[in-house]
Amino acid sequence: MVEVNVFENIMKRNEEYANQNAQLLKKTLCINIMSSPGAGKTTLLEKTLKKLKGKYNIAVIEGDVATSNDTKRLKKIIKNVYQIKTENFGGSCHLDARMVNLALKKLNVDKKKYDIMIIENVGNLICPADFNLGEDKKVVLLSITEGEDKPLKYPLMFQVSDILLLNKIDLMPYLEINYDTIKNNVKRVKSNLKILSISARTGLNMDEWIKILEKWVKEKINGRS
Amino acid sequence: MHEVSIAEEIKEIVINQLKKNNAKKVNKINLQIGKLTSIVPEALQFAFEAISKNTELENAKIEIEMIEIKAQCQKCKKEFIISEFDYECPYCKNMNLKIIQGRETIIKSLEIE
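Those sequence lines, one after another, are chains C and B.
Using this note's numbering, you'd call the opening residue of the first sequence number 1 and step up by one each time.
Using this note's numbering, you'd call the opening residue of the second sequence number 226 and step up by one each time.
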């Protein structure tokens, strides 16, 4: 019996696909939206798409374990929506870069010249944080009904994200929840993480979110080669 | 379920290594996993056992060395290990930290024959 040194990154293949995706999306802003199930990702997307369609060429990749329910909701607003059902990939609890690579090809990303590609990850605050998809920005959505301690319980998700959208803020009067406690818990995990309180349902601060998104698009376009 | 994807990747790398080294069997797989990843060692072992049944990887033991989370304070530039939920510089109490270690997912070595 012999011991051989390997020193190989287990996530190497995912990273290779993520790099391929980034290449395919050189001229497209790609954001990866992550949250637990029911935090409001699809509602956020519906409202976001309604505000941006016409102005930008947008496509969406939907990740779920099963059903095309979300795709049906979004197809009422824009045409280019592709559903990944992870039950076809072993029921995976997250999207990986290879699944996204297949979806990008199905969406003809090389010909369609999209301005924005939005990936709605599988609802889960744990696993999606470990998988780079080749995106420009990671967005974590947390609804205030989930409790104050989620950043402490799932630190990696908040560590890797570029912005935290704190959703369902309109429910604040009905909950025994303290905004400052949430904010401090976020700070303990990532002190410089930007927090934006929104209500996708009522539209509160949605204009602010759209502004950030458009700023990112501009930054990406200015970097266009 | 996340561990199943990780186990599949390990399986592929190990099979390639067996070929490369003209070996028939792997007895032990030594991994280094960062504590900031969401990989659960027991779940990974279980997933690996399930997917390696009836392959040359069957009965291989997975040994995991957990790597501490290490950060560098962006103010005083000191480096330190971070314990649970306490992302604060122990020297100057600054909270602006850069994580420099703890997200590793590495196959370090294999015991093969």
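Note that these hints are calculated values from the structure, not bench results.
Careful: at least some of the hints might be erroneous.
Straight-line distance between alpha carbons at most 25 Å, and here's what the computed PhoX-like set of lysine-lysine pairs gives [stated by the list, open to error]:
1. B:236 with C:187
2. C:51 with C:187
3. B:318 with C:187
4. C:153 with B:295
5. C:137 with B:236
6. B:323 with C:183
7. C:137 with B:253
8. C:187 with B:244
9. C:183 with B:333
10. B:323 with C:153
11. B:250 with C:12
12. C:55 with B:244
13. B:295 with C:105
14. C:194 with B:295
15. B:236 with C:183
16. C:12 with B:245
17. C:12 with B:300
18. C:27 with C:111
19. B:300 with C:215
20. B:318 with C:12
All figures in this text were calculated on a predicted structure; none of them were measured in a lab.
For each hint, the structure was consulted:
Using a Cα cut-off of 25 Å, the hinted pair residue 236 (chain B) and residue 187 (chain C) is violated, with the two alpha carbons roughly 38 Å apart. Pair hint residue 51 (chain C) plus residue 187 (chain C) does not hold up; C-alpha atoms about 31 Å apart against a cutoff of 25 Å. Taking the CA atoms of residue 318 (chain B) and residue 187 (chain C), the gap is about 13 Å. The hint holds against a cut of 25 Å. Our distance criterion of 25 Å between C-alpha atoms is met by residue 153 (chain C) and residue 295 (chain B), whose separation comes to about 18 Å.
Taken as a hint, the residue 137 (chain C) and residue 236 (chain B) pair is broken in the structure, with Cα atoms around 31 Å apart against an allowance of 25 Å. In summary, the hint linking residue 323 (chain B) to residue 183 (chain C) is supported, as the alpha carbons are separated by about 19 Å, within the 25 Å threshold. A distance of roughly 38 Å separates the Cα atoms of residue 137 (chain C) and residue 253 (chain B); the hinted pair therefore is violated under the 25 Å criterion. Only pairs whose Cα atoms come within 25 Å are accepted, and residue 187 (chain C) paired with residue 244 (chain B) is rejected, the gap being roughly 48 Å.
At most 25 Å may separate the alpha-carbon atoms for a hinted pair to count; residue 183 (chain C) and residue 333 (chain B) exceed this at roughly 39 Å. With a C-alpha separation of about 19 Å, the suggested pair residue 323 (chain B) and residue 153 (chain C) falls inside the 25 Å cut-off, and the hint holds. Between residue 250 (chain B) and residue 12 (chain C) the alpha-carbon distance is near 23 Å, which keeps this suggested pair within the 25 Å criterion. For the given pair, residue 55 (chain C) sits about 54 Å from residue 244 (chain B) by alpha-carbon distance, which is inconsistent with the 25 Å threshold.
Between residue 295 (chain B) and residue 105 (chain C) the CA atoms are separated by roughly 38 Å; this puts the pair beyond 25 Å, and the hint is violated. Between residue 194 (chain C) and residue 295 (chain B) the alpha-carbon distance is near 23 Å, which keeps this suggested pair within the 25 Å criterion. For a cut-off of 25 Å, the pair hint linking residue 236 (chain B) to residue 183 (chain C) is broken: about 41 Å separates their Cα positions. Annotation: proposed proximity of residue 12 (chain C) to residue 245 (chain B) holds, straight-line Cα distance about 18 Å (limit 25 Å).
With a CA separation close to 33 Å, the supplied pair residue 12 (chain C) and residue 300 (chain B) exceeds the 25 Å bound. For the suggested pair residue 27 (chain C) and residue 111 (chain C), the alpha carbons sit about 11 Å apart, so the restraint of at most 25 Å is met. Distance hint between residue 300 (chain B) and residue 215 (chain C) is unfulfilled; the C-alpha atoms sit about 29 Å from each other, more than 25 Å. Under the criterion of a C-alpha separation no larger than 25 Å, the hint pairing residue 318 (chain B) with residue 12 (chain C) is inconsistent with the structure, at around 36 Å.
Of the numbered hints given earlier, the model fails hints 1, 2, 5, 7, 8, 9, 12, 13, 15, 17, 19 and 20; all others are met.
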